[in-house]
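Enquirer: Between the sequences and the hints, there should be enough to build the whole structure, so can you do that?
Residue numbers (the numbering used here), protein chains in the order written: chain A, 232 to 491; chain B, 616 to 893.
Everything labelled a hint here was simulated from the structure, so no lab data went into it. Quick caveat: nothing in here was measured; it's all calculated off a predicted structure. Warning: the hint list may mix true and false statements.
[Unchecked claim] A few chain B residues that face chain A, going by a derived Cβ cut-off under 7 Å, partial list only:
1) L822
2) N826
3) G842
4) A854
[To be verified] Straight-line distance between alpha carbons at most 30 Å, and here's what the computed DSS-like set of lysine-lysine pairs gives:
5) B:K776 - B:K728
6) A:K447 - B:K745
7) B:K728 - B:K708
8) B:K776 - B:K708
9) B:K778 - A:K344
10) B:K825 - B:K776
11) A:K447 - A:K364
12) B:K745 - B:K708
13) B:K697 - B:K745
14) A:K364 - B:K745
15) B:K745 - B:K728
16) A:K344 - B:K745
We put the beta carbon where it would ideally sit given N, CA and C, even for glycine.
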Amino acid sequence: MLRTTAKATRRLHAGVPQRSAQRSAARIAASAALVALLIAGCAAPQLSSAPLPPGTAGMGTAAPVTGRPGAEMPPQPQPTQPVQVTPAPAPKSAVPKSAIPVRPAAPVASPAKDPAPRFLTVAGTTINMPIVKVGVSPDGAMEIPEPFNQAGWYRFGPAPGAAAGTAVVAAHVDTTSDAAPFSQLKSLAPGTLVTVQRIGALPLNFRVIQVELMAKDAFDGASVFRRDGPPQLKLVTCGGRWLDEQQNYGDNVIVTAVPA
Amino acid sequence: MRTSLFTAGAVAIAAALTLAGPAQAAEPDAQLSVLHGVPGLTVDVWVNGERTLDDFAPGTLAGPLALPAGAYELAITAADAKDASAPVIGPVKVNLAASGNYTAVANLDAAGKPTANFFTNDVSQIGPGKGKLTVRHTAAAPAVDILAGGAPVISNLANPKEKTLTLDPGTLSVAVAAAGTTAPVIGPADVTVAEGTHTVVYAWGSLADKNLKLAVQNIEGLHSAPGGVPGGRAGAADAGTAPVDQTAVTVGIGAAVLLLLVGGVAAARRQPAFRRTR
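Expert: What follows is the structure, encoded as structure tokens:
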């Protein structure tokens, strides 16, 4: 930035009209901010990296995001996935005394959970199916419900409607002989309405902002299963080419939707 | 204009790298928690001769306190002490490593004498769908068994030892019994082991004085993501030669930066919503 300032000054001295120089400085500053953002993006593997389509820029991601209540993370500025949140440096000589949290250590009941999702509808498709809770299979992958017309919600991560993080709902893309409803995910247009009904709570609406193919051999679990940052719904299935030798698809199709 | 934007971009990159440099070089702090497990004694806790916790009551947990890595001296005095020169426990010299996570416990030894124990907490990532439970014996009592739902899960744990289990998350009915027995001397009490959380349970107090209790410390945020989402079965939804791949445009982040530098901001706006990540 020092160099930028010096340059602007030099141009002033060379007789460039002041307004033009200011505009140029503003452009430089804007460009610097953008490039810095992108660099931050490169450094943060969890950051959902694709840009938003036009017209939805900032939707659901522009607001500053506060850490989940009870979590020890401070509120984070955008983008919300800095690799390391550096705490305020503690003075070397003096130990801080005031802000040390002290609490009774007796066992307490576990905090109330967000309502679980129970039904998923995606406008303009035949995706209209119950959602069941799933966890992790013995091989460490997310469990997927066996029925082709049933979706699974990753119950260890955030629920749809949680204050932060990604709610992951997945289903099979095919049956043994045919395409399943989730095969329509790959063609969803930005803005498509996604509705999630919940157990004991009002339904939630989401809008699709991105459809992404992620290679299975480069699966970025930290970005898909994110516990903090902006609240999003991720609909996940398989896609791309069927690889006969692996008996598997080459990619995951990942739809990102934000609260409508 | 292109030239000036390009130059600005280069300057911005240099600036961004300069800014990023020191932040990455700085050593992350250590995290220190302090548990008071000596019944009937309100104390002050001193770190390097400074009063850090005032009127610290039994059964309370303080922290975590972020401290730069290094050597520290911990001392515990009576609550009205003017300085740390006459500690009732300690002083104890401890070494805190960068990013380390520790709990210092003021407690009774097996014979009932006040002492201090310094535990290093395991803050490694926990496998997806699992939680971790550590039990630490910091009570004036002989060796114990830890029961969950009436069955022993940890056997013959003596003061000041600890034992760690990796478990499916859930709420356990935890009781503590003399080693080899099942009659509880503490509990049963409900202890929740949450996914991605390391729950540390302390048995503290005195068997002779009939004031044995449990204290719980939770270290959150140790979760890891599932290794994949296996949503395919038989290839019936194969993208084939036509649709998805041809409409998808491969634009890596690096390429996006280049685009920005050369073409300015406008070019970035034209990137398709549908992209392929590799």
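Enquirer: What are the numbers of the hints that this structure violates, sorted from low to high?
Expert: 1, 2, 12, 13 and 15
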